[in-house]
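Number of protein chains: 2
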Amino acid sequence: MKIVELNEQTKAEVREKFLNRSPKQFGEQEAVVKQIIADVASRGDEALFSYTEKFDHAKLTKETIEVTEEETKEAYAAVDPSLVEVIRKSLVNIRSFHEKQKQNSWITTEEKGILLGQKVTPMEKAGVYVPGGKAAYPSSVLMNIVPAKVAGVDEVIMATPCGRDGKVNPSVLVAAKEAGADRVFKIGGAQAIAALAFGTESVPKVDKIVGPGNIYVALAKKAVFGNVSIDSIAGPSEILVLADETANPRYVAADLLSQAEHDEMASAVLVTTSRSLAEKVNEEIEGFLQVLSRKEIIRKSLEGYGCILVTDSRREAIDAANLFAPEHMEIVMKDAFEVMTKIRNAGAIFLGEYSSEPLGDYFAGPNHVLPTSGTARFFSPLSVEDFVKKSSIIHYSREALEEIHRDIEQFAKCEQLTAHANSIAVRFEEK
Amino acid sequence: MKIVELNEQTKAEVREKFLNRSPKQFGEQEAVVKQIIADVASRGDEALFSYTEKFDHAKLTKETIEVTEEETKEAYAAVDPSLVEVIRKSLVNIRSFHEKQKQNSWITTEEKGILLGQKVTPMEKAGVYVPGGKAAYPSSVLMNIVPAKVAGVDEVIMATPCGRDGKVNPSVLVAAKEAGADRVFKIGGAQAIAALAFGTESVPKVDKIVGPGNIYVALAKKAVFGNVSIDSIAGPSEILVLADETANPRYVAADLLSQAEHDEMASAVLVTTSRSLAEKVNEEIEGFLQVLSRKEIIRKSLEGYGCILVTDSRREAIDAANLFAPEHMEIVMKDAFEVMTKIRNAGAIFLGEYSSEPLGDYFAGPNHVLPTSGTARFFSPLSVEDFVKKSSIIHYSREALEEIHRDIEQFAKCEQLTAHANSIAVRFEEK
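Same order as they appear, the protein sequences are chains V and E. Here the first sequence stands for residues 29 to 459, numbered as in our numbering. Here the second sequence stands for residues 29 to 459, numbered as in our numbering.
Don't take every hint at face value.
Treat identical chains as interchangeable: a pair holds within one or across any two.
[Claimed, not checked] The list that follows gives simulated cross-link-like pairs (lysine to any residue, SDA-like), each with its CA atoms no further than 25 Å apart:
id : residue 1 : residue 2
1  : K323      : V32
2  : K117      : P240
3  : K101      : E91
4  : K441      : S321
5  : K117      : V367
6  : K328      : R43
7  : K441      : R322
8  : K45       : T100
9  : K140      : V32
10 : K250      : D67
11 : K370      : D210
12 : K140      : N276
13 : K459      : L379
14 : K30       : V319
15 : K459      : H85
16 : K30       : E229
17 : K362      : E58
18 : K45       : G180
19 : K39       : S302
If you're looking for bench data, these hints aren't it; they were derived computationally from the structure.
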């Protein structure tokens, strides 16, 4: 990878590349997506079946659109039993971490008769989208379903496209069953998002849609936002390793490559105070590239969006890391935890040389659905909080309201909202 | 208002009206908004000044775009000092409630060297939009700024359009100062949203934009979602009162009218088990309509979107209330708190006959920015959580990773991600 000294210009250049990997204009696809959504919203199943035939080349009916128990059994028969074991072990950790995100409803009371609070209620139905295509990611199925189930959502409904044969990838089905999906529909693309957002004769309308997908799925999610809630729109994956001279270059190289292999748009950046480390990491990368199966993808992503930035000081390295706001950040430095206190923007922070990023993808327990493309400035990892909503609770006694009723009336009148003032005043009018 | 018996048909009809008050198609406005955003994003201040001149008829420069200390002083001189007092009293309650929403970062540890956690970090910059126009709502300024300040956001930046004279409404300015806005810019419309989302020479780029606005502002917020975070898109206001025969019809009528006065699209619905109450509420409404200053607006909103639904049972009434998922819900029934436990969907729940809705708008402390148009199914009141983001924290020791490294490698290989497997395996390879 290119090694560059960090200065204002190189920082801006690298950041620009890092943050602007996804194209921003989708006029043509947007029009297609709008049409599909309007059609499914108005014609329901009929439109859904027709788009599925057109795009997925599968003929669905009311009877075959949903995965049956029989099909789930077949899926178990088709996958390596040791994968089921690993999924179960991983689920223990994922559930345990997400259980700790649960929030309680709370109240506060004042003796004069004031009770205020916040009630936390799970959503009734959540939709989880799982992409089809060649690559199947059962780990992603777990990460999207578990927070909804832990939140207490009544019904978690998965949508994933089937093949021409009407079958769904067996490892995806097994992961869905293990994670606790309540229903699985064999639908994909913008038509699946529309079906979940508006409901059809076969597919129930949900309250929130989460999960990754291609550009049509992403645009459809953005289009239905407001009719339902959605998670953040996922861009290509990225890692930023923050390392000093104490880091093991072989490990750092392996970790950078683990993200670069995702796709050609993925980004891997090393920010280091040590030029010597930078050079050794580059050597290790060359070594690994001889043997790794996805070396073509890796080479392209490293060429396009990979970089090593060398800084004069630790403070500069940390500032650069915050500026990038990466999806995954590894800190392999002396006093890693102290450095972490200075990190404001990152989806997940991996500390120390045995906390390799794939540990988080598969096993540790925190969610691997993380904000990309610098959105860690304002978005958070997918969590139990994504599947609950809150209601404020307000109770005042006569005594408590009487004490302040003139203040409220004045405030309302100042905003010319006289019926607001009246609704308070009427409670204290003389009979 | 029309009194109808609740049955499947009337429920569906009333709900349809209630939820579909906002038009859904904005093709023309969308095109305008897109153009403005692209222009401000590429030309910065120049475009921002030119749109401000076009739409707000005010000539801004780098020197005059921001409200000065002097202008804030003038604003204080222009408002009734007793309003400042009320604002301060209200702020005590709003801050106190929002302080209770603050979440701690947390960790869990296992002795073999596993540390997992969730770090909570405030966003750096938040943008608060405040509409201009005839009506000024200082209460809304407080409700949008306080959660950001309590969250610990470094800089809260307010945008509000100025008049032709380059001045901002004084009560809005005073509210901004009291609530703790760090900077106030005299900009409005889609161009203000674009400036906050992308930054210009004068206006800093923010991480999140909140606050109500007209259709151009709402469409602009939706368009920049992903570049920044936004709050939910606000629709017209609404109230649903759930009442039995114990309710005071005069109070119920006054409370329904307090929402109906907001605008002609506002909705006020009473769901009650008592036909006698329904009739008395209607009589009281007629009485109030003789005297209230905004009676023209109220009549139109009641005609268009007001209704009284009479149900046979309390259970049916509660189910209907949940189906509507109203922004504001009042429960004026025997055992109001018990009824509240059955409410799943509502922005804010007001309990008992002295908890009139305007108490929440102005004074009690919980936020008055609430999900509208049935989105309480999945959206929450504006809160401190809107202005923080989370990062997962993952640390494993060598010992802890060694115990499970083969599991991770297997999972990664099953997903054909061999560089992921390699980044774990490399740490345990034989030297």
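Evaluation of the provided hints:
1. K323 x V32: Close inside one copy (23 Å), not across copies (69 Å); limit 25 Å.
2. K117 x P240: Result: close within a single copy only, 24 Å intra versus 46 Å inter.
3. K101 x E91: within (18 Å within a copy, 70 Å between copies)
4. K441 x S321: Between. Shortest inter-copy distance 11 Å satisfies the 25 Å Cα cut-off; intra-copy 71 Å does not.
5. K117 x V367: Neither: 31 Å inside a chain and 41 Å across chains, both beyond 25 Å.
6. K328 x R43: This pair counts as within: shortest intra-copy Cα distance 18 Å, inter-copy 54 Å.
7. K441 x R322: Between copies only: 12 Å across, 68 Å inside.
8. K45 x T100: neither (43 Å within a copy, 42 Å between copies)
9. K140 x V32: neither (66 Å within a copy, 39 Å between copies)
10. K250 x D67: Intra 17 Å, inter 22 Å, cutoff 25 Å: intra and inter.
11. K370 x D210: between (42 Å within a copy, 23 Å between copies)
12. K140 x N276: between (63 Å within a copy, 22 Å between copies)
13. K459 x L379: between (69 Å within a copy, 24 Å between copies)
14. K30 x V319: Answer is within: at 21 Å inside a copy they meet the 25 Å cutoff, but 76 Å across does not.
15. K459 x H85: neither (74 Å within a copy, 51 Å between copies)
16. K30 x E229: neither (55 Å within a copy, 32 Å between copies)
17. K362 x E58: neither (48 Å within a copy, 51 Å between copies)
18. K45 x G180: Intra 40 Å, inter 31 Å, cutoff 25 Å: neither.
19. K39 x S302: within (17 Å within a copy, 69 Å between copies)
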